Amino acid sequence: MISKGFRSVAAVAAWLAAEAALANRYNLQEPQSIIAHQIYDLHTLIMWIIVGIFVVVFGAMTYSIVMHRKSVGHKAEQFHENTTVEIIWTVIPFIILIGMAWPATKTIISMKDTSGADITIKATGYQWKWGYDYLQEGISFFSSLSTPREQIEDYERKGTKKGENYLIEVDNPVVVPIGKKVRIITTANDVIHAWWVPQLGIKQDAIPGFVRDTWFRADKEGTYRGQCAELCGKDHGFMPIVVEAVSAEKYASWVAEQKKKVAAAAPDPGKQWTLDELKTQGEKLYAGNCGACHQANGMGIPGNFPALSGSKVATGPKEEQIKLVLNGRKGQFTPTSMMPPQAGLSDLEIAALITYTRNSWANKTGDMVTPAEVKAARK
Amino acid sequence: MEAAHTHGHGDHHAHHPSGFMRWVTTTNHKDIGTLYLIFSLTMFFVGGLLALMLRLELFEPGMQFWRPEFFNQLTTMHGLIMVFGAIMPAFVGFANWQIPMMIGAPDMAFARMNNWSFWLLPPAAILLVASFFVPGGATAAGWTIYAPLSTQMGPGMDLAIFALHIMGASSIMGSINIVTTILNMRAPGMTLMKMPLFVWTWLITAYLLIAVMPVLAGAVTMLLTDRHFGTNFFNAAGGGDPVMFQHIFWFFGHPEVYIMILPGFGIVSQIVPTFARKPLFGYSSMVYATASIAILSFIVWAHHMFTVGMPASAQLFFMYATMLIAVPTGVKVFNWIATMWKGSMTFETPMLFACGFIFVFSMGGFTGLVLAITPVDIQLQDTYYVVAHFHYVLVAGSLFALFGGVYYWIPKWTGHMYNEAAGKLHFWLSMIFFNITFFPMHFTGLAGLPRRVPDYNMQFADFNMISTVGAFGFGLSQLILVYVIVKCIKGGDKATDKVWEGAEGLEWTLSSPPPYHSFETPPAVK
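In order, the protein sequences belong to chains A and B.
Residues in the first sequence are numbered consecutively from 1, following our numbering.
Residues in the second sequence are numbered consecutively from 1001, following our numbering.
Keep in mind the hints are simulated off the structure, nothing from the lab.
It should be emphasised that the depicted structure is a prediction, and the values quoted were computed from it without experimental measurement.
Keep in mind that the hints are not guaranteed to be accurate.
Stated by the list, open to error - Derived BS3-like pairs: lysine-lysine, alpha-carbon spacing no greater than 27 Å straight-line: (1) A:Lys70 / B:Lys1424; (2) A:Lys122 / A:Lys259; (3) B:Lys1424 / A:Lys75; (4) B:Lys1342 / A:Lys312; (5) A:Lys284 / A:Lys220; (6) A:Lys112 / A:Lys158; (7) A:Lys162 / A:Lys180; (8) B:Lys1526 / A:Lys75; (9) A:Lys323 / A:Lys260; (10) B:Lys1194 / A:Lys75; (11) A:Lys161 / A:Lys106; (12) B:Lys1498 / A:Lys75; (13) B:Lys1498 / B:Lys1424; (14) A:Lys279 / A:Lys312; (15) A:Lys181 / A:Lys260; (16) A:Lys70 / B:Lys1342; (17) A:Lys70 / B:Lys1490; (18) A:Lys375 / A:Lys312; (19) A:Lys379 / A:Lys122; (20) A:Lys279 / A:Lys323; (21) A:Lys375 / A:Lys323; (22) A:Lys75 / B:Lys1342; (23) A:Lys279 / A:Lys318; (24) B:Lys1526 / B:Lys1498; (25) A:Lys271 / A:Lys161; (26) A:Lys375 / A:Lys284.
As the list claims (entries may be wrong) - Far from chain A by the CB rule (all over 12 Å, computed), these chain B residues: (27) Thr1075; (28) Ala1109; (29) Ile1176; (30) Ala1187; (31) Leu1224; (32) Thr1225; (33) Ala1236; (34) Thr1346; (35) Tyr1385; (36) Leu1449; (37) Asp1462; (38) Val1486; (39) Thr1496.
Where a beta carbon is used, it is the ideal one built from N, C-alpha and C, also for glycine.
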């Protein structure tokens, strides 16, 4: 008997522990910044207030439904209108509301205070990726979804195997040091996006033509994942945000490494690229920048996204293609196929992409676009 | 529907056409009410089909059925069709049927305009549905059609803009008609403070509609000129401001939310006293609470946009104003419960829906309070938590109130009792499947699932699967409603004039079904 009782207690305890581990399945994600902590606590406070009101109000309603029914022989009393009662149930909620508003006001004021930041990062929303600029350090990069398309698209319903961080993983995460106040400046290139990282307690719309800001200070080292939170078109669900909070030393070495990369990537104006070199570079860039619409096989999606394989643009005069890629194109009657301008990419990247598209699939132009030609076309 | 009016009374005037032309040319408030209700039921199923199609894609992670751009069209058109095609016209249908009967009038004030305001709706609905078939498909910018995403859209967006214009014109005409009818055509002795609460809530709603529908028309017109005529209202590159669109849209959009719920409050305030066999606890405080909610609805719009980056002072103002709405809303809920208290309740289908409404609508009210707290809202905005919140107030709120109203008045409208067992089954299945569908969305929203995404991480898989199963259950349960309505029109037990033992009000003094011109001589009101 004892062992049986013990076993069931142990089972319950194990279940509780498992549920506790899964607590964030039912609640906000575990907070990792001071603001996120305050939001978490505010939410908990309000939940308890609501539970209290729920019990009182629906306790009364349930009691009434059970006791005051005709089938149990209850006779209706005819009372109505009572000013005292009306005043009581107006004033009490009002007082409860003041109790809720007070801590919320304090949080609003502190979350709005972006002064005294140690690091400032500009996050720019693009359809459909994020661009980051570390303003003091001079580091810039794009950050796109790194989940392979094969994991996402399952139109034959074969059931594809998905990774742990399916749809919330990127190629280049934002790296920040812990314990430092990081100011995020948001803007956008095309439509409104929103930069959201739940565990850091920030969500800020990124608005084209305007600059907004917000801040966080990460408490602990870790990887914090978020997503674009404002509908921004076709691939709104596929432009995640990943923030890696690291120690000051690791951050310093990351910055040094990035600067070295920037220096290395800086186009050596003298370098003579070969077609194959550009094509190889272009192939890598194609998946992250073009493949979502024009597809990996270059066939596009009939009716929505034009094919590049065999297209007039990718086999015609290269000047026209450079211009189109730089400036984008508004589809005449197929607006979902509207191509966003790609001027944010470097000359080398655009040259590589165009060279790739002109020499892949059915396209065998055999010509090559150099960074210098792109640079010339920008003017 | 024909039978509803030709059955059981021979005082039809010979001068109105019959058959199809009767419905096209009708100026009768009951015929027009019926048209509105059939129209909205049809659109309810169209919008519901879209919802099931998008839930199908969300059944499991990965893209199995639709391309992302089509998924966005589904969410957008589900929202637009449900708001403008299903919920709003349904309440106008109730207004048409009930207001003349409840205030002792023969018909609506502007009978021909009434015909016109209904017949504008089918073309608008055709435009909306047809937009799926134009190049590029329907608008995929969300029902909130935020610029500049909406300026990127194709001709489907133009069709939606045109449809919104037409539906707005229809709503404004309907509202003018309702205000005029209520203010001028009450029976002698029926002072404003003796009007049934349903009439009061519609009077206030009609004013809201007249105030905000032109604002929406302005917003979509600016969108149209930005798209085609070179203006830059919402284009920063030309000196415009994309956020201005949101301000204008939500200045319309928030009162719109109350437009969709206030008449529902009115219906519930009619049903609860009837089945509690006890007068409404605080009639005048209910009227004042409704008016307060309507006035407050104009100063809370920016709580939909806490993340656009407004100053702290604006966030504070809109947070306090939003929290204040809880006070009059609480007064309403407390009043309904005080009305039940020590009554002698029975639970026919209308009362089940009214109780279900109070319970589930209040849950939506609670999450509304959570979302009113700006810092918490910033975490939850544009997540599934918001989707859960507004479906609790719109489906379990507006829609359950509408269902309750249908069961409450359909014996009066058709002269037959509906099938009570089927009605109760409809209630219980709707209630259970509604919660299976939407309750898990609170959890996915808290855990960080953004709304309007066609695919998601594995951690959200089980809750989404539950939601999809619930959605199909909810959708299929609505076929019971169609069955009940059709059976009830065709026949059934004869309804008495009073129908319900505890019913009070002028409509119950008329025969069931009522005469073609409700009150040809004004009744005396004590």
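Against the structure, the hints come out as follows:
no.: 1; hint: A:Lys70 / B:Lys1424; verdict: holds, 18 Å
no.: 2; hint: A:Lys122 / A:Lys259; verdict: holds, 17 Å
no.: 3; hint: B:Lys1424 / A:Lys75; verdict: holds, 24 Å
no.: 4; hint: B:Lys1342 / A:Lys312; verdict: violated, 80 Å
no.: 5; hint: A:Lys284 / A:Lys220; verdict: violated, 34 Å
no.: 6; hint: A:Lys112 / A:Lys158; verdict: violated, 48 Å
no.: 7; hint: A:Lys162 / A:Lys180; verdict: violated, 35 Å
no.: 8; hint: B:Lys1526 / A:Lys75; verdict: holds, 26 Å
no.: 9; hint: A:Lys323 / A:Lys260; verdict: violated, 31 Å
no.: 10; hint: B:Lys1194 / A:Lys75; verdict: holds, 26 Å
no.: 11; hint: A:Lys161 / A:Lys106; verdict: violated, 46 Å
no.: 12; hint: B:Lys1498 / A:Lys75; verdict: holds, 20 Å
no.: 13; hint: B:Lys1498 / B:Lys1424; verdict: holds, 21 Å
no.: 14; hint: A:Lys279 / A:Lys312; verdict: holds, 19 Å
no.: 15; hint: A:Lys181 / A:Lys260; verdict: holds, 25 Å
no.: 16; hint: A:Lys70 / B:Lys1342; verdict: holds, 10 Å
no.: 17; hint: A:Lys70 / B:Lys1490; verdict: violated, 31 Å
no.: 18; hint: A:Lys375 / A:Lys312; verdict: holds, 23 Å
no.: 19; hint: A:Lys379 / A:Lys122; verdict: holds, 26 Å
no.: 20; hint: A:Lys279 / A:Lys323; verdict: holds, 19 Å
no.: 21; hint: A:Lys375 / A:Lys323; verdict: holds, 11 Å
no.: 22; hint: A:Lys75 / B:Lys1342; verdict: holds, 8 Å
no.: 23; hint: A:Lys279 / A:Lys318; verdict: holds, 15 Å
no.: 24; hint: B:Lys1526 / B:Lys1498; verdict: holds, 18 Å
no.: 25; hint: A:Lys271 / A:Lys161; verdict: violated, 42 Å
no.: 26; hint: A:Lys375 / A:Lys284; verdict: holds, 21 Å
no.: 27; hint: Thr1075; verdict: violated, 8 Å
no.: 28; hint: Ala1109; verdict: holds, 32 Å
no.: 29; hint: Ile1176; verdict: holds, 33 Å
no.: 30; hint: Ala1187; verdict: holds, 23 Å
no.: 31; hint: Leu1224; verdict: holds, 15 Å
no.: 32; hint: Thr1225; verdict: holds, 17 Å
no.: 33; hint: Ala1236; verdict: violated, 2 Å
no.: 34; hint: Thr1346; verdict: violated, 5 Å
no.: 35; hint: Tyr1385; verdict: violated, 10 Å
no.: 36; hint: Leu1449; verdict: violated, 9 Å
no.: 37; hint: Asp1462; verdict: violated, 9 Å
no.: 38; hint: Val1486; verdict: holds, 30 Å
no.: 39; hint: Thr1496; verdict: holds, 18 Å
In summary, the structure is inconsistent with hints 4, 5, 6, 7, 9, 11, 17, 25, 27, 33, 34, 35, 36 and 37 from the numbered list given earlier, while agreeing with the others.
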